[in-house]
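Undergrad: If you want the building blocks of each chain, they are given just below.
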Amino acid sequence: MSTDSSGVLCHHFDNIQQQQSAARMGMWLFLVTEVLFFGGAFVAYTAYRIWYPEAFLAGSSKLILGFAAINSVLLLTSSLTITFGIHAAHRGDEKMLKRFLLVTILLALVFLGIKAKEYYIDFQEHLIPGTLFITPVHEGHPSPAEEFEAMGVNPGHVQLFFMFYYCMTGIHVLHMIVGVGLIGWLYFLATRGYFKHKERFVYVEVTSLYWHFVDMMWFFLVAILYAAGPHKSLF
Amino acid sequence: MSTISALHTANHHAPSGPAAKTNYLTDGYSWKSWLLTVDHKRIGIMYLVSVTAFFLIGMAAAGLIRYNLISPSGMLTADQYNKVFTAHGIVMVFLFLVPVIPGVFGNFFIPIMIGAKDMAFPKLNLLSWYVYMAGAFFACYALLIGGVDTGWTLYPPYSTRSSTNVAPVAVAIFIAGFSSILTGLNIVVTVHRMRCPGMTWFRMPLFVWAMYATSLIMLLATPVLAVTVSLLAVERLAGIGIFDPKLGGDPLLFQHMFWFYSHPAVYIMILPGMGIISEVITCFSRKNIFGYKAVAWSSVGIAVVGFLVWGHHMFVAGQGYYSALVFSLLSMFVAVPSAIKVFNWSATLYKGSITFQAPMLYALGFIALFTVGGVTGLFLSTMGTDRHLHDTYFVIAHFHFTMVGGMVLAYFAGLHFYWPKMTGKMYSDFWSRIAAILMCVGFFMTFVPQFVLGYMGMPRRYHQYPPEWQVLNVLSSAGSTVLALGYLFPFTYLIHSIFAGKPAGSNPWGATGIEWTDTTSPPVTHNFEKLPVVTEMPYEYSLPTAPKPTFSYDLPTGDVAKEEHTHVH
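Chains A and B are the protein sequences, given in the same order.
Numbering-wise, this note's numbering puts 66 at position 66 of the first sequence, and it's gapless, one number per residue.
Numbering-wise, this note's numbering puts 424 at position 424 of the second sequence, and it's gapless, one number per residue.
It is possible that some hints are incorrect.
[To be verified] Here are the simulated lysine-lysine pairs, DSS-like style, with alpha carbons at most 25 Å apart:
| id | chain 1 | residue 1 | chain 2 | residue 2 |
| --- | --- | --- | --- | --- |
| 1 | B | K287 | B | K246 |
| 2 | A | K196 | A | K95 |
| 3 | A | K196 | B | K123 |
| 4 | B | K502 | A | K198 |
| 5 | A | K115 | A | K232 |
| 6 | A | K198 | A | K95 |
These are calculated hints, taken from the structure and not from any lab test.
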């Protein structure tokens, strides 16, 4: 049963198939816990959206749909490139593996950059729950609270929407940062010749599972946060 | 696989020559060899030491609660009392009850019981201990800088307005929960992927089944608690009304999300205990378990139904009438798999060759006390009676019967049952039995009066009460001192046994299962000299080849055990 896997097989496994299937199963179970973690936030979001639909739609229409669209394309592409990475690792082609991992990291960093820019714009527009929300943006320009009041929606409830916006996208960004760290670690290992043993492709595979999950969560967030309310323009 | 020629038979004795081979305890003595170990057995011991420390802290808080209640006007101030019962709840629930059996016996025995060399993810296993300690650090920090006064349930809106240290406690719960997720994940993958040849699902010891069901709950419920306390922390930091009705939030939503974790969490606490009881009852009855599959599936049944009953904590909190009705009905359903277990244990005892060594005394205590706890649970899941009993000492007595009378006794049953395997030493038979009896008596004295008090209407979490209830409260406090004394006994004789106990031999109880028959006490670093192969069901005590008890005290039990040799042909 033992192939040329000396050094790859950990002490407590009988064979490489067992080791690989344990790694896959571990990641799938971890993703189950992630679904439930996000699930709790989705439940809370749903409860309040049912109670305060107008406020949530008004809040949503303040978000920048264009940024979300670009980010969606970036993230989806990065999911493709990491999948190419698995194939490269499976073939034992470390050079291509490194290339695909690097592209994935770059796409993720651009995503994070755009997200940071978007947070900054939201901050400038005082779309942040708390005291800023009721402070005029600049002289003579109303605060978000007054603006929403004029539109006939309860500014307190809109703040609740923004709270969910920041919490959920914030948790997502945190997952992205962890993902970039993991892929960076794979890249580092690849430079050290770790993936010379083809059997180790499974570590690229389980990392990609995590990355696809982060990708998928983003689309749910786009749907419920960005695309919920009417938008006049993309930017 | 074909290289293994030695078939596993139940009377096959593992090499038990003293110090013939380095075991997991003698494999390195430095701090580093413990703190950086990936050996599941050493991690189990590290959990044992740490949960014991938190158990003592929780006990001290419990002692202060009972001290306060000996006088109708209260011995502590109201503020002190609030902080004391909150500390008791948080430490006992998150730092003791949830991690104790998965951390100690789950880690130590699951790989051995299924014939694996280690958990599926040994490094993750070590990480889960460090994460647990980090959570514990935050909890202790919160308690030391002034404590929390919200109760362990952290209900908003009070928890978002309280000036005490709710935030570090929320962080502590979040982190400790993460540790619990890692442990659960490790156990599920281990059970799925690491079983040795011949170890089919229905040849697994029932402890492994129980731990498997527990781990599923840990995986599915704990993340929801994590997001709930995160939202609570955000609400406190940002002042946004997620749960505070004054700011547009809904406190009932918190209760839904909190109990979605915290009710299944009581099954995280009790299911591993039930697994241990199945092991102990069969061993000391010298009989196969009655209804193996029923006991195995009832663990899974409890795990599944346990997810659908959380609303029974909110009957008087303003949830809809019909949802309360459904939750009430579903709560009764949990009684079915629980009763299946109790009936099967009783049937296992029937016509068994019972010996009353310490593990068995604890196990019998468990069955009695858990049954009382379970039946009084039906009073609370019935909406009509719950209106009267809700938030009274009846609830306190009920869940202490299941959690302390049930779970803690099961833990001690396991500790006494597995101690010889874990340390290779035998403890004092006499003192261990005295301790078991003291715990049961002390427990009854402490909590039976609380049922009466609760029925008379004494509310929980009040630091004062009308003078006519003093007699019962003093009785309860007196009982708690007996209980505390009972708990202190094992600390003495178990530690004494490490240094002065007689060598236990590989299978002192004559138990079945590869953890007893195929490895030494204490086990070697990678558990087995030779990869075991399993050819039979886990509790074949009635076969002529079944192992016999090899250890006898100079007390009547030893004779009973010897007599038994002649009974079995």
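Undergrad: Work down the list of hints and note, for each, if the structure agrees.
TA: Status of the hints after comparison with the structure:
{"no.": "1", "hint": "K287(B) / K246(B)", "result": "violated, 61 Å"}
{"no.": "2", "hint": "K196(A) / K95(A)", "result": "holds, 10 Å"}
{"no.": "3", "hint": "K196(A) / K123(B)", "result": "holds, 23 Å"}
{"no.": "4", "hint": "K502(B) / K198(A)", "result": "violated, 52 Å"}
{"no.": "5", "hint": "K115(A) / K232(A)", "result": "holds, 21 Å"}
{"no.": "6", "hint": "K198(A) / K95(A)", "result": "holds, 13 Å"}
When each numbered hint is compared with the structure, violations occur for hints 1, 4.
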